[in-house]
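Modelling step: build the complete structure from the supplied sequences, incorporating the hints.
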Amino acid sequence: MVGKTIRQYRIQEAIGKGGMGAVYKALDTQLNRVVVLKLLSRELLGHEKARSRFLREARLASALDHPNICTIYEIQESEGFYYIAMQFVEGQTLKQAINKRPLANSTILSISLQFADALAMAHDRGIIHRDIKPQNIMLTPRGQVKVLDFGLAKSVDESTAHLHADLTEHGKTLGTPSYMSPEQARSERIDRRADIFSFGTVLYEMVTGRKAFAGDNNVDIMYAVCNLEPKAVAELNPNLLPGIQEILTKALAKDPAQRYQNMHELLADLKEVSSGSVQMTVPDGIHQPYAEVKRAPRNWFNQFIPSFLRKKKSGSSSISGLDAGGLTDLSQTQAQRRGKPGERTPDFSLHDDFPLIPGQHKTLAVLPFRNLASQMDDAWRVSFLEALIAEMTKFKALTIRPSSAVLQYFDDPRNATEIGRDLGVDAILLGSLLGTETRLRAVVQMIDISSGSILWAGKIDAEESDSLRLQDALCKGLLEHFKGKKEGNAALDLLKDESPDVRIDAILALKTSNDLTALNELADALKDPILEVKSAAAEVLGYHGKNATTAVLAALDESLGKRQFQTARFGVRAAGIIGSTEFVPVLLDALTCEDGFVASEAALALGKIRDLRACPDLIDALQHKDANVRFAAVQALGNLADPQAVSALETRLRDDSDEGIQAKALWAINRIRRKPFGTSTMTAIHTSTNLK
Amino acid sequence: MLFLGADIGRTTRFALVDETGRLHQQSRVPTDIRSGRAFVNGLIAAFREAIEKASAPVGAAGIGLPGLVDHHTQQIEVLTNFLNISAIDLHGECERALGIPVIFDNDANLAAFAEWQCGAAQGATDAVLITLGRGIGCGLILKGELQRGARGFAGEFGHTKIGNEPIECSCGASGCLETVVSGPNIVRRTRELLFLDPRFTHSTLVSKMRIKLTCEDVVDAAKFGDELARTVLEDTARSLGIAISNIINLLNVEKVVLGGPVMGAGDFLLASIREEVARNAFAPLLVRCSIVTGTLGNDAGMIGAGLLAKRELEQAPPK
Ligand SMILES: [Zn+2]
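Chains as they are written, first to last, in our numbering: chain A, 1 to 692; chain B, 693 to 1011.
Hints listed in this document are in silico derivations from the structure and should not be mistaken for laboratory results.
If the Cβ cut is set under 10 Å, some of the chain A residues that face chain B in the computed set are:
| no. | residue |
| --- | --- |
| 1 | S187 |
| 2 | M222 |
| 3 | N227 |
| 4 | E532 |
| 5 | Q635 |
| 6 | D658 |
Beta carbons are placed, not taken as given, at the ideal position from N, Cα and C, and that holds for glycine.
In structure tokens:
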């Protein structure tokens, strides 16, 4: 690799091999500066979704501008791998600096204050580091801290769990779990408090020279992280600064709820410790801590939050007397829901700007649009947001949050409902931009905060000669779109979007729609080329119950007639979820379909509908040559619980070549035998007519 | 002196075992299950031939069976998932036909004995060995002795309750561990998952599922990263981890040895099991407890049968 050139980077030397790829020192020949280049192979990043999330997070992190955070210059894809170009920091890692001995108190304070400040700022931007460890903290010769790899650690959740398994299986280390939080070790959902725990482990190591959690192997270490308390630091460092043990205890609490809830709290305690320590030396390059700069706009922002919200968030000490008001507010709301006229409480009327009366005035926040794939710069996006908000205020039924309240959520990676709760609004309008400076597409969704469902979704295209006109055109288009459509209906347009994810979102948006014309569109979506989209359509059609019967019957007739088996498969599935006996004839037909998936789904659907007329055909299907069909028939007969099926099932249990079918047959037989047979079942058997 | 060690399953595997547990002259014959009589005759003929061809005198025979064996009477109580031979005095017939002392034991007990004598649990005083295959076998070593319980049936780990699937078990109860993690139930759950989530339509297992799917197929696919197989085995690990935590909490064992074909899925399965145990077991009991895979593999049953026969012969009062 050394000597090779990737784009403008000439690779000079290998620096190391991280968990996810190789790291090189390289020369940026365009800007003539030395950079660190990380190469990540596409395969390592997993499937498409995981990759795009990784890129999104890394790009968000690259926007972090803080003197103690190593700057990421660029993230790009080239020749089958991703590369990340970042600032080259001269110096040593904190791991090297500690070298298994406690650091001097002044050094501990200097490093931890800078480090904590960097984390506080990143957290305020909604970015979690996830992989804090001494190896990721660089110290320059002047004593400046640079935190590396923000946003580069992959998030641990279901969709990437398999990737971790892969990595461990292939013997590539994921790094030591010594600095993980218990929730990370358990692969649970994490938030910024996981970073706070990891910060604690690093502070511990600076103070003692030893890892807070150690063990012979990763399992032992993870066990220690989750269950053991680290040794008290006073035993390991005779010159311990007063107050440090308390900070460590709180930062290293196993339960996130017992920890510092944000880095600002921790930073405040650290400053307390440092002000008590006399000979603290501040190395050059320490900047004005971020936390204090930020405080002023925060208080200013608070004034815009409705009183009831403020009461919920902060303790009652600062805003006395609001408890009663809050209660009245609640009872009033309930009264209004029951249709009785309620009287506004004094507290509420003080904030007439934000009347949150359900069903009448809704508060809406328009979030800054994201750049999905467009060249629009931040300034353009801010002015677009302001223009759009100005236009939106024309809707009398809506109270729109001012741009000053929403600008702080610029590129905030949290999900909309979280931000919505933060803002205390009923709904959020969010969108993303694709295109060029003259031709843009905005994809927009309005999301209900209480339910998380999509109230409205739309797509607006605009083409203009310059970017300002484009802004106006987009605003106008959006508004017209918004005015012209009833809630839910706009999703219909998105059913044909080129992105399958958008199509799935649109389908799910139709779940709550009362518009019966949507049902035909949903049935049409069963023909979608993508399996996941078909499946979503089947589910949502099923959700609409008997209303969807006609549409599904038509789709089934057509697809079975035209031998479109993938479509028929999901039509059959929708029929099963709807559960109407009207489907029985067509399902019996589908049960003999040459496509195994269609026949299997037909069997499962017949089992769900529980019409005993299907029994003889399902018993026949137990002989099917496709094992999937036999399995589905066993399942269905178990659901139907018809005693006539027992002996055929016993044959499966004894003779089927597939052990899974045997196991299922045992289940079905036991289920049928256990079932008390009431008269209604017996009547159904006697009155059953042969449909074929 | 040599000892005959046999492990009876769908096929019967047997060998001559020396005093150190090494195997000589291994053979395998398909187990004849057409009738109880055919079953007995087939076994006796095969064993007799092995003893006659032996390079040294054979002192005793040990035979492992997939079922409950009464340790005192040596009678077979139940052969699980197998044929009914209750009318036949198998033990008596074997001793008469072979002319040497014969001991019967549960196959999992014998595998545990082998892993303890010369495998992964060597040197442990308190250990448990679990075999994951068509059924769930378990042998207990406590205070340096193989434990059998009052009638010799101890260690029916597969029928301990975890209660998260309302599937009835071969034992007649429901909620047994076996209804989740036995080979056939792993296949059953794989098949159910295929229909639950459409993305699994792309699984590498689908073509096999049309014809015949085995637990080994699932294990292999998981090794190569198939998502459907992984999902199934991760659920398997979760149930196993919970059940193993119960053993650890109850007995404070120092070694949990896992064997059988399911463990062929590799390190990721073992790691998932360990994680689940760490979540569930009482912490102090984990401090000196390790969970490992067996080192003797499929031979454990034969080795254990031979070694146990040797020990019984040494300890038996001279007739
Ligand atoms: Zn059972």
